Amino acid sequence: MQGLTTHNLACIRGERAVFAGLDLAVKPGRAMLLSGSNGSGKSSLLRVLAGLLPAADGRIAWEGEDVAGDPDAHRARTAYVGHADPLKPSLTASENLEFWGRLYGLKPEVETALHQFSIAGLADVPARYLSAGQKRRVNLARLAVGQNSRAGPMLWLLDEPATGLDPGAVSMLANTILAHLSNDGVAIVSTHGGRLDELLEGKADHFSISARGT
Amino acid sequence: MIGFMLILRRELRLAWRGGTDAVIAVVFFVLAAVLFPFGVGTDPGMLPRIGGGIIWVVALLAAMLSLERMFAGDHEDGSLDLLYLSPVPLGTLALAKAAAHWLTTGVLLLVAAPVLALLYNLPGEAIGALAASMLLGTPVLSLVGGIGAALTLGARRGGVLLALLILPLYIPVLIFGAGAIDGAVAGRPIGPQLMVMGGFLLAALALAPWATAAALRQAIE
Numbered sequence: 001m002q003g004l005t006t007h008n009l010a011c012i013r014g015e016r017a018v019f020a021g022l023d024l025a026v027k028p029g030r031a032m033l034l035s036g037s038n039g040s041g042k043s044s045l046l047r048v049l050a051g052l053l054p055a056a057d058g059r060i061a062w063e064g065e066d067v068a069g070d071p072d073a074h075r076a077r078t079a080y081v082g083h084a085d086p087l088k089p090s091l092t093a094s095e096n097l098e099f100w101g102r103l104y105g106l107k108p109e110v111e112t113a114l115h116q117f118s119i120a121g122l123a124d125v126p127a128r129y130l131s132a133g134q135k136r137r138v139n140l141a142r143l144a145v146g147q148n149s150r151a152g153p154m155l156w157l158l159d160e161p162a163t164g165l166d167p168g169a170v171s172m173l174a175n176t177i178l179a180h181l182s183n184d185g186v187a188i189v190s191t192h193g194g195r196l197d198e199l200l201e202g203k204a205d206h207f208s209i210s211a212r213g214t
Numbered sequence: 001m002i003g004f005m006l007i008l009r010r011e012l013r014l015a016w017r018g019g020t021d022a023v024i025a026v027v028f029f030v031l032a033a034v035l036f037p038f039g040v041g042t043d044p045g046m047l048p049r050i051g052g053g054i055i056w057v058v059a060l061l062a063a064m065l066s067l068e069r070m071f072a073g074d075h076e077d078g079s080l081d082l083l084y085l086s087p088v089p090l091g092t093l094a095l096a097k098a099a100a101h102w103l104t105t106g107v108l109l110l111v112a113a114p115v116l117a118l119l120y121n122l123p124g125e126a127i128g129a130l131a132a133s134m135l136l137g138t139p140v141l142s143l144v145g146g147i148g149a150a151l152t153l154g155a156r157r158g159g160v161l162l163a164l165l166i167l168p169l170y171i172p173v174l175i176f177g178a179g180a181i182d183g184a185v186a187g188r189p190i191g192p193q194l195m196v197m198g199g200f201l202l203a204a205l206a207l208a209p210w211a212t213a214a215a216l217r218q219a220i221e
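Residue numbers (this note's numbering), protein chains in the order written: chain A, 1 to 214; chain B, 1 to 221.
It should be emphasised that the hints constitute simulated quantities derived from the structure, not laboratory data.
Misleading hints may appear alongside valid ones.
What the hints assert, rightly or not - Label-pair ranges, simulated between beta-carbon atoms: (1) A/Pro28 / B/Val107: 48 to 54 Å; (2) A/Asp72 / B/Arg9: 37 to 43 Å; (3) B/Leu207 / A/Ala73: 24 to 30 Å; (4) A/His7 / B/Val107: 48 to 54 Å; (5) B/Met46 / A/Glu15: 38 to 44 Å; (6) A/Gly121 / B/Ile175: 26 to 32 Å; (7) A/Pro54 / B/Val160: 29 to 35 Å; (8) B/Val160 / A/Asp124: 38 to 44 Å; (9) A/Glu63 / B/Arg217: 46 to 52 Å; (10) A/Ala73 / B/Gly198: 49 to 55 Å; (11) B/Leu207 / A/Asp23: 24 to 30 Å.
On a predicted model such as this, the values are computed, not experimentally measured, just so you know.
Glycine included, each C-beta is placed from N, C-alpha and C at the ideal position.
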């Protein structure tokens, strides 16, 4: 068994079971596109996989080994992009990016990462002056920082990463993900369809969470 | 250690560029302490007797003003998730946040306190006791306050809840801090009070980051 697998995974929020009995398998070099209606548990699943939420039942394995056995190693191999853009309004785009890079022990080549999302010109602009789409690009540039470092994260968990992006930026994101996959990385991406799905076609499997959730 | 310095530097930079937040606490401290003599009258014998207690009570309240924002911003914009997922332990994060809070609030209170002491006509040795007790006491306020800030994350009316949670925990600091100043005014030795306060500081350094980390873990889920 290779890549990321889950067995009988369940998540409970409040008193309600969001999903249960979830079996996933994503091989290295493949992406999995999660679809499902609002509230079907896509975000919860990504948070459980990242270790931000505890799983109520079941296990998650990387290369066949249970990740609960070594949570630090699991965190080191995981890059998570959530709904919010974790940028401080008074810091510039490059300062924000450099902080996250260094905190994760990566060698942040901020310039290159920003260039990858065509926002090198915004490096010295405080994040408060950036539009929603530009903030999202800076947030996604964190992935590029990890990608350009040795021993960067191999498991990408992206929660609707294309939200607020223009078509050009969506292709930049797709190219970044494809480069990650060609590097034998794994990506799990929640989407509501659209251009990103088309661009990743052929490299991606689909998984509909609402069909199997309870 | 690298993680601690990174977070501390980020917090200080944010405080510096944020400007007013840190200044508000010290302005409140001075203003509130200046109001008391108007309320209680200017009997020259009374002010030195009550001054130490008043300065300490106002310092507790001032330190609380900026506590609510300690983790709230990071919680709202998703930074807390990423801080948790980073190789830096949550305990280190809690310690760095408390250190930043102390440097941007406690130190300013520490600087302003002797000026207020003059206003209350405290004798010279009492000003020394005030400075020493605040040096030992204000870091405790930041460390213990961090627990409250983490516990009230995401709560409605978190500020009020924070006050209810944290003020009772501040009472020991208040008792020994004001006690040291009273002692100095009365000409008694203040060593014992300061030693107890040093004990509080060591205990808070050891326990508060750990408790804050547990509360943050809860908030992330």
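We went through each hint and held it up to the structure:
no., hint, result
1, A/Pro28 / B/Val107: 48 to 54 Å, "holds (51 Å)"
2, A/Asp72 / B/Arg9: 37 to 43 Å, "violated (24 Å)"
3, B/Leu207 / A/Ala73: 24 to 30 Å, "holds (29 Å)"
4, A/His7 / B/Val107: 48 to 54 Å, "holds (53 Å)"
5, B/Met46 / A/Glu15: 38 to 44 Å, "violated (59 Å)"
6, A/Gly121 / B/Ile175: 26 to 32 Å, "violated (58 Å)"
7, A/Pro54 / B/Val160: 29 to 35 Å, "holds (30 Å)"
8, B/Val160 / A/Asp124: 38 to 44 Å, "holds (40 Å)"
9, A/Glu63 / B/Arg217: 46 to 52 Å, "violated (27 Å)"
10, A/Ala73 / B/Gly198: 49 to 55 Å, "violated (40 Å)"
11, B/Leu207 / A/Asp23: 24 to 30 Å, "violated (43 Å)"
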